[in-house]
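S.K.: With chain A's structure known, arrange chain B on it following the hints.
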Amino acid sequence: MPAEQLRLSVPTTGERPARRLPARIAPMQATPVDAPFDDPAYLFEPWWPGARALVLVERGGLRLQVDGLADALAAFPELRDLSAQLAEDGVVLDGTLLVLDDQGRPDPELLRSRLGGDSRSGRPAYVASDLLWAGGQPAGRRSFRVRRAWLEAILAPGDRVTVGRGYVGDGTLVAEALGGLGVEALSARRLDARHRSGPAGNAWLRAPVTPAEPRPRPTLSLILRLPLDV
Amino acid sequence: MWRGAIQFGLVTIPVKLYLATESSSIGFNMLHASCLNRIQMKIYCPFHDEVVPRSETVRGYEWSKGRYVVLSDEEMDAVPLKTVRAIEIEMFVDAHQGSAGVEFVKQAYYLEPDPIGRKAFELLRQVLSETGKSAICKIVLKDREQLAALNPYSRTMLLTTLHWPDEVRSLEELNIPDEPIEVKPAERAMAEQLISSMTGQFSPDNFRDDYRAALMSMIEAKVAGEAPVAAQRAEPTKIGDLMAALEASVAAAREARRGSPAEVGEEGANTAAASRGRKTA
Chain A
0 MPAEQLRLSV
10 PTTGERPARR
20 LPARIAPMQA
30 TPVDAPFDDP
40 AYLFEPWWPG
50 ARALVLVERG
60 GLRLQVDGLA
70 DALAAFPELR
80 DLSAQLAEDG
90 VVLDGTLLVL
100 DDQGRPDPEL
110 LRSRLGGDSR
120 SGRPAYVASD
130 LLWAGGQPAG
140 RRSFRVRRAW
150 LEAILAPGDR
160 VTVGRGYVGD
170 GTLVAEALGG
180 LGVEALSARR
190 LDARHRSGPA
200 GNAWLRAPVT
210 PAEPRPRPTL
220 SLILRLPLDV
Chain B
0 MWRGAIQFGL
10 VTIPVKLYLA
20 TESSSIGFNM
30 LHASCLNRIQ
40 MKIYCPFHDE
50 VVPRSETVRG
60 YEWSKGRYVV
70 LSDEEMDAVP
80 LKTVRAIEIE
90 MFVDAHQGSA
100 GVEFVKQAYY
110 LEPDPIGRKA
120 FELLRQVLSE
130 TGKSAICKIV
140 LKDREQLAAL
150 NPYSRTMLLT
160 TLHWPDEVRS
170 LEELNIPDEP
180 IEVKPAERAM
190 AEQLISSMTG
200 QFSPDNFRDD
210 YRAALMSMIE
220 AKVAGEAPVA
230 AQRAEPTKIG
240 DLMAALEASV
250 AAAREARRGS
260 PAEVGEEGAN
270 TAAASRGRKT
280 A
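Heads up: the sequence lines are chains A and B, in that order. FYI, numbering that gives the first Met the number 0 numbers position 92 of the first sequence as 91, with every residue one higher than the one before it. FYI, numbering that gives the first Met the number 0 numbers position 190 of the second sequence as 189, with every residue one higher than the one before it.
Isolated chain A (complex conformation):
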């Protein structure tokens, strides 16, 4: 998005005093749908195979909110200096925590061993998708289009942390492209929707890249089918 156009859509926060960030934020939960679709009202992104994570930056200090992890930052110490990439304070980012393998591809196995306490496996990265707070002000009432433009304006891309690439409208095209990357789902965010804590309704959808196929039966299915519990 051109910078000039961005400026127009980025709200100014200077006049209001910064507020303290909440201790914990209930994230938006995507609504599952059956298949990818095309719609110019949506921004399509890969559903990166990682852990949903909120990054809270306040007075330069950083918190990482990951479901089920008390101290996520201990598992991902490399993300501590993320705030240096941010142009503002009092910021909450919504995105995906990844662990990259040697080839630079997200590896769910490496992520699992990270979450299991092995802080040396793979290379952690964070892909930001949404901006919930900025300048000590909640941003959730703005449309996603504004939040996303704002996010790109305040988060400078780095080696580990960046704003994800999104594509407006062409959901089925992105889904086709994702097959080759080993990504199994597609995220679709509605550009004119505000942020909602909890179920997203049509503001955020999750579609499988390919419709699920039945798995072939394992060879020992004879044993598995024995009605042992009957």
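These aren't lab readings, by the way, just hints derived from the structure by calculation. The beta-carbon is built from N, C-alpha and C at its ideal position, and this holds for glycine as well. Be careful, since some hints might not be right.
[What the hints assert, rightly or not] Label-pair restraints from in silico Cβ distances: (1) B:179 x A:196: 18 to 24 Å; (2) B:197 x A:112: 33 to 39 Å; (3) B:106 x A:117: 35 to 41 Å; (4) B:173 x A:33: 44 to 50 Å; (5) A:77 x B:205: 47 to 53 Å; (6) B:200 x A:32: 55 to 61 Å; (7) A:112 x B:200: 51 to 57 Å; (8) A:183 x B:219: 36 to 42 Å.
[Claimed, not checked] Derived coverage of chain A by chain B (criterion: at least 3 residues anywhere in the stretch with Cβ under 8 Å from a Cβ of chain B; other residues may be distant): (9) 28 to 34; (10) 102 to 110; (11) 169 to 177.
M.R.: Chain B alone, transformed into the frame defined by chain A:
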């Protein structure tokens, strides 16, 4: 190799022992990564903070925490052992009787009789074979008295060393409840059908160590200079590379569609979405 004699009653048959099996796993040496020289294991004393020559070491048995009884070589040699240099047959049992203990084998050895003992050796082998018996015996190997079974095998005999009863761990450590598990006739019939469909004649030649073969072929390829050497990455992977891969992949998908009318880009979308003008904004 070991040289001694089979002894039972008044009979003595001089024999040699040879290992009947060899480990075919591929051995590796530990090298220093930077210079590829063999790493040397030094014996180190943390109290004196120095490397100790083997001649300055003694055997110690820890009889209570941190307290040792030291045994010299002479004392070790003086330990009375009846089975020194002898395979002392204690009893004969029915072969394959499956009694506990015989299953837990350690190592198999071939026996080779000295010329002077060939006739007695063959006699023992034939009688064991015809009566279907195993000889249970004791033998000292590597400073240790071992329990062993002696069985006829082809034109010679096989000595298999066994674990002492106190070396065999109790089943009590396993989580196998005592309560009987009920099995329905239909379940049993299906399991029997599966087993019978996979029943055959065991021929060891049909089984190979696939891992060893794969490892060996990789080593051979490396020697021949064909192996893909694991790339030393000049710099660590970056999240930007992943985004670039995504862009390339989307561009390729778009190219595959060739001339699809859908224009992608934030600006195009802005106008399109704005024209829809929904209330949620």
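S.K.: Would you mind marking each hint as holding or not holding in the structure?
M.R.: Going down the list of hints, with the structure as the test:
1. In this structure the hint that residue 179 of chain B and residue 196 of chain A lie 18 to 24 Å apart at CB is violated, the actual value being about 55 Å.
2. Taken as a hint, the range 33 to 39 Å holds for the pair residue 197 of chain B and residue 112 of chain A, whose Cβ atoms sit roughly 37 Å apart.
3. Range check, residue 106 of chain B to residue 117 of chain A: Cβ separation about 39 Å, and the 35 to 41 Å hint holds.
4. One distance hint, 44 to 50 Å for the beta-carbon pair residue 173 of chain B and residue 33 of chain A, holds here, with the actual separation near 48 Å.
5. For the pair residue 77 of chain A and residue 205 of chain B, the supplied restraint of 47 to 53 Å holds, since their beta-carbon distance comes to about 51 Å.
6. Taking the beta carbon of each, residue 200 of chain B and residue 32 of chain A are about 56 Å apart, inside 55 to 61 Å as hinted.
7. Hint check: residue 112 of chain A to residue 200 of chain B, Cβ distance near 45 Å, so the stated range 51 to 57 Å is violated.
8. Between residue 183 of chain A and residue 219 of chain B the beta carbon distance is about 39 Å. The supplied range of 36 to 42 Å therefore holds.
9. Counting residues of the region 28 to 34 of chain A whose C-beta lies closer than 8 Å to any C-beta of chain B gives 0; at least three are required, and the coverage claim is violated.
10. Residues of the region 102 to 110 of chain A lying with their CB closer than 8 Å to a CB of chain B number 4, which satisfies the three-residue condition for coverage.
11. Note: the region 169 to 177 of chain A has 6 residues with beta-carbon separation from chain B under 8 Å; the three-residue rule is met and the coverage holds.
In this structure, the hints that do not hold are numbers 1, 7 and 9, in rising order.
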